[in-house]
Amino acid sequence: MTGTALLFLVLGLGLVGWIFGRARASGFVRNAKGGPRGTVNSLPYYHGWFVAISAVAPALLFMLIWQSISPALVTNMVLSAPVAAELPQDTFARAAILSEARAIAQGFQTTAFQDMSDKLVPLYKGALSYYKWLGVAATLLLFFAGGAYAFTRLKPDFRARSKVERVIMFGLLVASLIAIITTLGIFASLIFESWRFFSMVSPFEFLFGTDWNPKSDVTPGADNGYGAIPLFWGTIFIGAIIAMIVAIPLGLMSAIFLTQYASSTVRKWMKPILEILAGVPTVVYGYFAALTVAPAVRDFAVMLGVSNAASDNALAAGIVMGVMIIPLVSSMSDDSIAAVPNAMRDGSLAMGATKSETIKQVLLPAALPGVVGGILLAVSRAIGETMIVVMAAGYTANLTANPFDTITTITVQIVALLTGDQDFNSPHTLAAFALGLTLFVTTFFLNYAALRVVKKYREAYE
Amino acid sequence: MNSAVVDPTPTDWNGQIMQKRIAGRYAAERRFKAMGFMAVALSTLFLAFLLFTMLGQGLRGFQRTEIAVEFDFPVLTAGATAVSVTGPNADAALNSMDIPGLVELAVGQQYAGLGDSLLTSAAAANVREMLIDNPELVTSKQTLWLPADSRLDVAFKRKGEQAAEKTVAALSEKDALRTGFNWTFLTGADATDPSAVGIWAAFKGSLMTMAITLLLAFPIGVLAALYLEEYASKNRLTDIIEVSINNLAAVPSIIFGLLGLAVFLTMFGMPRSSALVGGLTLALMTMPVIVIAGRNAVKSVPPSIREAALGIGASPVQVVFHHVLPLALPGILTGTIIGMARALGETAPLLMIGMRAFIPAAPEGFTDAATALPVQIYLWSDEVNQGFVEKTSAAIIVLLIFLLGMNALAIYLRNRFETRW
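Chain order of the listed sequences is Z and U. Per our numbering, residue 1 is the first one in the first sequence, and the count goes up by one each step. Per our numbering, residue 1 is the first one in the second sequence, and the count goes up by one each step.
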């Protein structure tokens with residue numbers, strides 16, 4: 001019996017428990033004296049839920065714990081067998097044989113590459129099935145114990161509803177705690193792996209070095225090619241400069257045109273069309289940038305007389321990224337312009353200013369904090385964007401301000417470092433986490449600043 | 001302003017200077033408006049150009065070039081009968097026929113001197129399927145249309161290598177080429193030969209990943225939204241939860257991939273590149289989106305509904321689950337669909353958890369090695385072979401159709417069920 005089958009069995013039995021509990025409580029209602037429900041405290045289905053939860057919850061909890069501890073128990077049982085004494089003492093060779101024997105016993109693998117494994121397979125099979133059935137028996141025992149206990153507690157005046165509601169409230173709280181756990185998980189894993197990286201490579205070299213050419217075996221104190229300045233510059237150049245040169249004017253002017261000039265029909269059609277730009281997956285943008293925009297940019301550069309234009313140039317990636325960001329800038333500007341009190345606009349128009357003068361001299365200055373907040377969010381989005389730069393920008397670290405040259409970014413290098421083998425002892429893999437931490441911290445502060453600016457500005461007009 | 005001297009003569013609005021000034025201001029106004037129009041037009045043009053390019057290239061990916069090959073089955077198979085390729089021993093009978101050898105022989109006889117690789121690597125498998133579908137074929141001389149090799153395919157559809165162009169010209173003279181619908185593309189899996197690739201495996205991988213994502217992110221997201229909006233008291237913990245959710249919604253997706261790699265793969269030892277890990281990672285990414293959409297939907301349910309329910313004796317939990325949640329559900333669903341559409345197009349986190357491997361078969365279970373549609377697009381885009389260009393675009397068309405469908409559904413739901421209180 002697999003874990004999935006057991007899960008469905010427990011849930012199915014839980015349904016049976018629900019039906020029994022509800023039937024019992026319906027009996028209370030039917031036999032009640034005085035009034036339609038008599039002294040019965042809770043509706044029958046709450047009794048059903050009480051029984052079902054009391055039976056299923058401990059069983060599921062046990063299954064979860066069992067899943068995590070049973071592999072260790074199985075290994076222990078195998079190791080205590082006499083055959084296991086022949087195993088090599090070397091920890092690494094030992095672990096390789098054990099994991100192979102386990103894989104064969106579980107049917108994931110068919111042939112053994114190590115001679116020792118075959119001998120252990122029957123042992124593993126025995127141990128696995130022993131602990132599996134032990135787990136199944138214990139799960140079912142817990143289920144019936146919980147269900148029976150709950151069933152005996154059902155009485156007409158039993159407060160089933162408040163018990164069930166307490167469980168629901170607990171569930172709600174746990175669900176909202178998952179966000180915190182995820183944030184902590186991200187932070188902890190990034191910090192932990194980065195710590196290990198910085199114990200190999202000095203943080204000073206990482207943050208201030210200008211040579212990015214990561215070596216897989218590092219010597220402390222020497223230059224190991226982990227200077228991330230070219231990556232920081234590449235990220236800023238593509239995400240915060242080229243992309244913003246495209247996105248800010250186009251996004252802002254689109255928002256102004258659609259809110260101030262366009263008729264309602266045009267607005268109704270154009271807004272969703274702009275939204276589609278935000279909905280196109282980034283891998284599609286990346287493909288388009290690499291296939292169509294990059295060659296066009298290179299030809300243009302050659303026409304201008306730039307001879308060393310690369311086919312994976314920074315400009316193509318930046319332009320396409322800018323287009324992707326347009327809807328974000330546009331909708332944030334849209335919101336903040338709409339939030340400017342009408343009295344200010346009407347006042348300006350009444351003084352004889354034209355529409356464009358009103359927009360430029362009254363609406364935009366008043367909406368500026370909101371627009372700036374939107375731009376900060378857009379920058380944060382652009383520097384964390386991965387697929388466009390992976391597909392269209394280059395892999396060579398290059399400290400240059402020439403947009404026709406190839407430039408690499410933080411996200412490109414994370415992908416490049418984690419391609420191939422992901423050995424958690426190699427500084428390559430760990431460097432990816434250090435880059436990830438840099439990215440996480442940067443985007444966190446950008447987002448935080450953006451939200452603060454926008455919030456403050458909203459308060460000013462409320 | 002005691003020193004200011006006020007000119008007593010009124011402004012001459014009809015004077016030449018004033019008229020010029022006003023004309024200038026109106027011109028500036030028109031220029032500004034035109035700039036706004038240009039911005040919208042440019043964005044739209046870019047979108048149109050992108051879609052047009054993908055359609056132009058991708059539609060060819062749904063077609064394949066087929067070559068007529070004549071099989072003299074009675075001679076080639078030395079007397080196999082329709083009965084022998086049906087029934088319980090069909091597999092053995094088909095294997096003993098050595099179909100790849102037959103195909104090579106037939107092509108060699110017919111198109112001698114045109115090079116040896118005219119057909120796709122999957123041609124023998126295609127012949128086998130045809131024989132299984134229609135066993136009568138083996139009793140007579142048949143002309144079968146088999147998919148051409150990728151080089152010829154490219155040369156026939158647009159311009160290819162010179163050698164391939166020559167072969168295509170020679171074949172066209174014999175009337176041995178035609179264009180057919182590429183069913184393999186919809187039903188097959190990844191392959192090294194672009195004329196034999198399909199998206200079904202990647203699509204199934206995406207569906208399975210999405211199933212896990214929805215199963216986890218939707219309930220957790222809705223419950224968290226209800227808690228924060230309806231029950232949470234204003235305290236330190238609630239503040240931290242809110243900051244976490246807002247921050248998670250804006251964290252770059254690649255960071256979630258790093259989390260998946262470090263926690264799900266390395267710490268929990270879950271199977272690499274499986275739909276399960278992909279779904280878990282994307283669920284963490286989608287959950288904040290659902291929470292934010294859910295909170296807005298719950299917030300828009302008017303308090304009078306809650307008060308009425310409380311007034312007739314409902315408990316706080318009953319108020320929320322019997323009244324607030326059903327009324328907020330359309331808004332929550334809209335947000336969920338939009339979040340799921342985002343997750344469906346996401347590539348970077350899946351690359352981090354190893355979904356970039358070459359997977360030549362569709363996954364059978366949630367723990368099998370799988371790939372997803374956007375990852376498949378990325379992998380194909382990296383291929384040097386010219387035949388992959390149109391396949392990549394065709395896969396993009398499929399992905400975009402699904403995303404547009406999901407977004408259209410979200411808009412429909414919003415318009416159909418949204419209540420303005």
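Incorrect hints may have been included.
As the list claims (entries may be wrong) - List of simulated lysine-lysine pairs, DSBU-like, C-alpha gap at most 35 Å:
{"hint": "1", "chain 1": "U", "residue 1": "K299", "chain 2": "Z", "residue 2": "K456"}
{"hint": "2", "chain 1": "Z", "residue 1": "K355", "chain 2": "Z", "residue 2": "K271"}
{"hint": "3", "chain 1": "U", "residue 1": "K157", "chain 2": "U", "residue 2": "K204"}
{"hint": "4", "chain 1": "U", "residue 1": "K157", "chain 2": "Z", "residue 2": "K163"}
{"hint": "5", "chain 1": "Z", "residue 1": "K271", "chain 2": "U", "residue 2": "K204"}
{"hint": "6", "chain 1": "Z", "residue 1": "K355", "chain 2": "Z", "residue 2": "K215"}
{"hint": "7", "chain 1": "U", "residue 1": "K174", "chain 2": "U", "residue 2": "K159"}
{"hint": "8", "chain 1": "Z", "residue 1": "K456", "chain 2": "U", "residue 2": "K33"}
{"hint": "9", "chain 1": "U", "residue 1": "K33", "chain 2": "Z", "residue 2": "K360"}
{"hint": "10", "chain 1": "Z", "residue 1": "K271", "chain 2": "U", "residue 2": "K299"}
Claimed, not checked - If you only want the chain U side, here are some residues facing chain Z, beta carbon under 10 Å, derived:
{"hint": "11", "residue": "M54"}
{"hint": "12", "residue": "L55"}
{"hint": "13", "residue": "Y231"}
{"hint": "14", "residue": "S393"}
Since the hints were derived computationally from the structure, they do not count as laboratory data. For each residue, glycine too, the CB sits at the ideal point set by N, CA and C.
Is it true that the CA of K299 of chain U sits at most 35 Å from the CA of K456 of chain Z?
holds, 22 Å
Would the stated hint for L55 of chain U survive a check requiring a Cβ distance to chain Z of less than 10 Å?
violated, 12 Å
Sort out whether K163 of chain Z lies within 35 Å of K157 of chain U, counting only the CA atoms.
violated, 70 Å
Mind checking the alpha carbons of K174 of chain U and K159 of chain U for me, to see if they're no more than 35 Å apart?
holds, 20 Å
Less than 10 Å between beta-carbons is the criterion; does S393 of chain U satisfy it with respect to chain Z?
Given a least distance of 8 Å, the restraint on S393 of chain U holds.
Are the Cα positions of K456 of chain Z and K33 of chain U separated by 35 Å at most?
holds, 31 Å
Keeping to a limit of 35 Å between CA atoms, is the pair of K157 of chain U and K204 of chain U held or broken?
Distance of about 29 Å is within 35 Å: holds.
Are the Cα positions of K271 of chain Z and K204 of chain U separated by 35 Å at most?
Holds: K271 of chain Z and K204 of chain U sit about 33 Å apart, inside 35 Å.
Would you check the hint for K355 of chain Z and K271 of chain Z, treating anything up to 35 Å between C-alpha atoms as holding?
With a Cα-Cα distance of about 21 Å, the restraint between K355 of chain Z and K271 of chain Z holds, given a limit of 35 Å.
Min Cβ distance, Y231 of chain U to chain Z: is it shorter than 10 Å?
holds, 7 Å
Pair hint outcome, K271 of chain Z versus K299 of chain U [Cα-Cα no greater than 35 Å]
Judged against 35 Å, a Cα distance of about 25 Å means the pair holds.
Holds or violated: K33 of chain U with K360 of chain Z, Cα cutoff 35 Å?
Between K33 of chain U and K360 of chain Z the Cα gap is close to 12 Å, so the pair holds against 35 Å.
In this structure, the earlier hints numbered 4, 6 and 12 are contradicted, and the remaining ones agree with it.
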